[in-house]
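K.L.:
Sequences and hints are given; from them, build the entire structure.
Chains as they are written, first to last, in our numbering: chain Y, 3 to 374; chain V, 28 to 456.
Hints should not be assumed to be uniformly reliable.
Unchecked claim - Per label pair, the in silico range of CB-to-CB distance:
1) Y/193 to V/376: 54 to 64 Å
2) Y/50 to V/263: 48 to 58 Å
3) V/224 to Y/25: 41 to 51 Å
Hints in this document: simulated from the structure, not taken from any laboratory. Predicted model, so just to flag it, every value in this text is computed and none were measured. Cβ atoms here follow ideal geometry from the backbone N, Cα and C, with glycine treated the same way.
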Amino acid sequence: MHNIDFTHLVPSYIQAFETYYPSKPDPELMRLYGVDHLHRLNNNENALGPPPEVTRVLETFAPMTVPVYPNGDCFDLRRSLAKRFNKDAEQFLVGNGSCEVIASVIKAFCEKGDNIITADKTFAVYEWVAEFSGFEARLIPLKDNAFDPQAMLDAMDRHTKILFVCNPNNPTGTYWDRQTMKAFLDAVDNRAMVVIDEAYCEYVENEDFPNGMTLVDEYSNVVVFRTFSKMYALASLRIGYLCAHGDIVDFIRRTHVVYSVNTLAQKAAVAALTNDGSFIRATRKMVTDAKALLCPFFDELGLNYKCGQGNYLMVKVPVSDTLMYRKLMKKGIMVRTMTDFRFPDWIRISLVQQPVMEEFCNAFADVLNESI
Amino acid sequence: MKNVDQSISLSMMADISWIPLIQSVVENAAPVYGLDRRKTMMLTIAVEEIVAHLAGVSPGTRIDFCLEPGGWHVLGKFSFKADPSDLWAMNLVTKTDIQEDMEHLGLLVASRAVDGFTLKFEGDTLYLTLRKDLDYPVITPETMVPAEIRGQLTIVREPEPELIKFACVKTLGCYLPDAVPQFFITPGKVVDMVEQKDLHLAVAVDETGTLAGMICWQAPSEKGISFFGPYVIAEDHGVGEFLTTHLINTVARTRAMGLFSDLATPDLSTNNFESLGHLNLIQKDGGKRQQDVWYRHLKEDMGASVWVHSSYAEFLKKVYEQQVLMRDLKSIEEQGEHVPQRSVFSVQLRPEAGNATLFPMVTGADAAQCITRHVEMLHREKFSNIFIRIDLAYGWQAAMGKVIMDNGFVPRLVLPYGGKSDILVFQHA
Numbered sequence: 003m004h005n006i007d008f009t010h011l012v013p014s015y016i017q018a019f020e021t022y023y024p025s026k027p028d029p030e031l032m033r034l035y036g037v038d039h040l041h042r043l044n045n046n047e048n049a050l051g052p053p054p055e056v057t058r059v060l061e062t063f064a065p066m067t068v069p070v071y072p073n074g075d076c077f078d079l080r081r082s083l084a085k086r087f088n089k090d091a092e093q094f095l096v097g098n099g100s101c102e103v104i105a106s107v108i109k110a111f112c113e114k115g116d117n118i119i120t121a122d123k124t125f126a127v128y129e130w131v132a133e134f135s136g137f138e139a140r141l142i143p144l145k146d147n148a149f150d151p152q153a154m155l156d157a158m159d160r161h162t163k164i165l166f167v168c169n170p171n172n173p174t175g176t177y178w179d180r181q182t183m184k185a186f187l188d189a190v191d192n193r194a195m196v197v198i199d200e201a202y203c204e205y206v207e208n209e210d211f212p213n214g215m216t217l218v219d220e221y222s223n224v225v226v227f228r229t230f231s232k233m234y235a236l237a238s239l240r241i242g243y244l245c246a247h248g249d250i251v252d253f254i255r256r257t258h259v260v261y262s263v264n265t266l267a268q269k270a271a272v273a274a275l276t277n278d279g280s281f282i283r284a285t286r287k288m289v290t291d292a293k294a295l296l297c298p299f300f301d302e303l304g305l306n307y308k309c310g311q312g313n314y315l316m317v318k319v320p321v322s323d324t325l326m327y328r329k330l331m332k333k334g335i336m337v338r339t340m341t342d343f344r345f346p347d348w349i350r351i352s353l354v355q356q357p358v359m360e361e362f363c364n365a366f367a368d369v370l371n372e373s374i
Numbered sequence: 028m029k030n031v032d033q034s035i036s037l038s039m040m041a042d043i044s045w046i047p048l049i050q051s052v053v054e055n056a057a058p059v060y061g062l063d064r065r066k067t068m069m070l071t072i073a074v075e076e077i078v079a080h081l082a083g084v085s086p087g088t089r090i091d092f093c094l095e096p097g098g099w100h101v102l103g104k105f106s107f108k109a110d111p112s113d114l115w116a117m118n119l120v121t122k123t124d125i126q127e128d129m130e131h132l133g134l135l136v137a138s139r140a141v142d143g144f145t146l147k148f149e150g151d152t153l154y155l156t157l158r159k160d161l162d163y164p165v166i167t168p169e170t171m172v173p174a175e176i177r178g179q180l181t182i183v184r185e186p187e188p189e190l191i192k193f194a195c196v197k198t199l200g201c202y203l204p205d206a207v208p209q210f211f212i213t214p215g216k217v218v219d220m221v222e223q224k225d226l227h228l229a230v231a232v233d234e235t236g237t238l239a240g241m242i243c244w245q246a247p248s249e250k251g252i253s254f255f256g257p258y259v260i261a262e263d264h265g266v267g268e269f270l271t272t273h274l275i276n277t278v279a280r281t282r283a284m285g286l287f288s289d290l291a292t293p294d295l296s297t298n299n300f301e302s303l304g305h306l307n308l309i310q311k312d313g314g315k316r317q318q319d320v321w322y323r324h325l326k327e328d329m330g331a332s333v334w335v336h337s338s339y340a341e342f343l344k345k346v347y348e349q350q351v352l353m354r355d356l357k358s359i360e361e362q363g364e365h366v367p368q369r370s371v372f373s374v375q376l377r378p379e380a381g382n383a384t385l386f387p388m389v390t391g392a393d394a395a396q397c398i399t400r401h402v403e404m405l406h407r408e409k410f411s412n413i414f415i416r417i418d419l420a421y422g423w424q425a426a427m428g429k430v431i432m433d434n435g436f437v438p439r440l441v442l443p444y445g446g447k448s449d450i451l452v453f454q455h456a
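P.N.:
If you want it as structure tokens, here you go:
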């Protein structure tokens, strides 16, 4: 191949954007770190595995389904979602993970010169998609580890098209209660779209947590994101969705690539919705038990931690988070470093079953003893 | 405003009849890029000598040349096909050989006429870049009394040139010269380096706008960031930690894998850094001190593979184990294969600290003698701290371990992702 420089063809905002490289596959990491097992506590996956209804779908999935294209706009799943949330199927749009619907919303509403507003320490994909699409991402510092509604409002101008609120926030676990959320939406006053990302909403049991599905009925500019990756344990199938007013969804649909969600994911998601709630209760109990183990453990060590909503918690470690990662990996435990969430020297830990949490505690204590 | 490309390119044959053309390009364009008359003349001579040399050793070869403005410097970039060992005369220590080999005198002149050069191979093409720096006034440091801090600290977004220059002056007044990068004594150059994004810096002020401190950093490679500081120029109310945290957050989402100290000050909060070891330095007054080197991974380490020679394999294994860095070590040994006759090293000098660092550009059969001559000359010139850095991404550099160690160097530390891969730093014992 000729060594030709094509840089001049690449937009400046792409040239300035940093490539994200995901981690290597588990077997390769295990080889590198010389371990025979790896507990994945880095991606907030549900370690219980999917609901039994999903398992049945996976086990009976017919090979001859594979040569046939999936339904292009997830017809059955949108009907199931509509029934579940008492809405119209046209109010839902399904994507290859919620990352795809983030991109679709930004494409639908932003044009040259526009901006989006979100927090500096939250799920990074809102910021990334805006920036590699050529739009400004205005990052508002968290206040007391939570999104700062007034600062977000203050940052708005006539070019602000979307405000992204991660509720509860990943990674801090904080959330806006119903009153805060409604006051914010009232203040936005339809000047921009408000995306409420509820990826972890099924983990929240507090009464004052605002239900985005209700807010969609009350506010025309609200778009709610949800995912099957976190609670329903379908992460490898990549499936998430948004819900909004039908007119809004129609705009977003115009930018959304059809056929992006595969058949198995669609069927699994439909099956997950049929669970009677026992799966969610079991998962919540697992998370509650894990918190009950880890919080006193960190208290005893005198470490600062943030344990809010969601199936994760964060702890500030007395060495660099990236060194802690490497040392825990040598013991077969993978956590999430928080430096690139702009929380240097914090790690995030997914909350899973007791035996694994106990193994984590032992490994963590060993590392601290070695390091200090 | 988008930067306009002001560079000038030409392609020509290696023939002395084209020398006036390339002379004319440099003479006319370099002043437009900001070089004064004397420096323009030096760069013109260097460029002319390169062409004359190529016309002698590889007549008719195609030369591509580009003259580029760099804000604080001007670059003359050559690419051509030639025997790399033919460039041996660009070594700092060529003086003694050259009397017997007038053919290479021009290269000696060229290398001395510029402020720096780099040389690299890609396939069979050689890329030679000459750098000539613009002239800047040098300031004289004055001792400073640390200012009092009031209220909360903030980082000044995009500090204006006057603030950058002010911060340089203050820093020089608070720290010894060998704790501060050389370019601080020319604050105007620092401003231009920042403008060109060849240097990044963060300045902290208090609520009254009083300067509290600064930290600066560069990206010597795509995967590594080196920093200087933090420099605290006020009463310390967590200024060092504030600046360091700002630096980490700023570079956290870049493609860099690691952050390491080039010149760390005692004001660095080291709790969350990893020690890479230290360099034993002899100061200009004969005193001894240790320069600690600190490191911080920015990402989850997914491992890497590096070349390693048996001469320092045990050292590397120990370091990687201590630092919990996963590396596949690929052994390399000489098998009698042909290598170029002559070697070329570039040398980075810090006369005020007595430091010299050698970087291999071409490894030839004379590598051992070439290193010996460099060391002898640097000692004569009162450089007490001599280092060689090799990039373990390249087998040909990794293979130099034996000749380096036979010359009295010892492996001192590893800079993870300091180059294309890890950099192994040798120090002359």
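K.L.:
All the hints need checking, so say for each whether the structure fits it.
P.N.:
Hint-by-hint comparison with the structure:
Between residue 193 of chain Y and residue 376 of chain V the CB atoms are about 59 Å apart, so this pair conforms to the stated range of 54 to 64 Å. For residue 50 of chain Y and residue 263 of chain V, the hinted distance range of 48 to 58 Å is satisfied, since their beta carbons lie about 50 Å from each other. A beta carbon spacing of about 29 Å between residue 224 of chain V and residue 25 of chain Y contradicts the range 41 to 51 Å that was offered as a hint.
The structure is inconsistent with hint 3 alone, although it conforms to all the rest.
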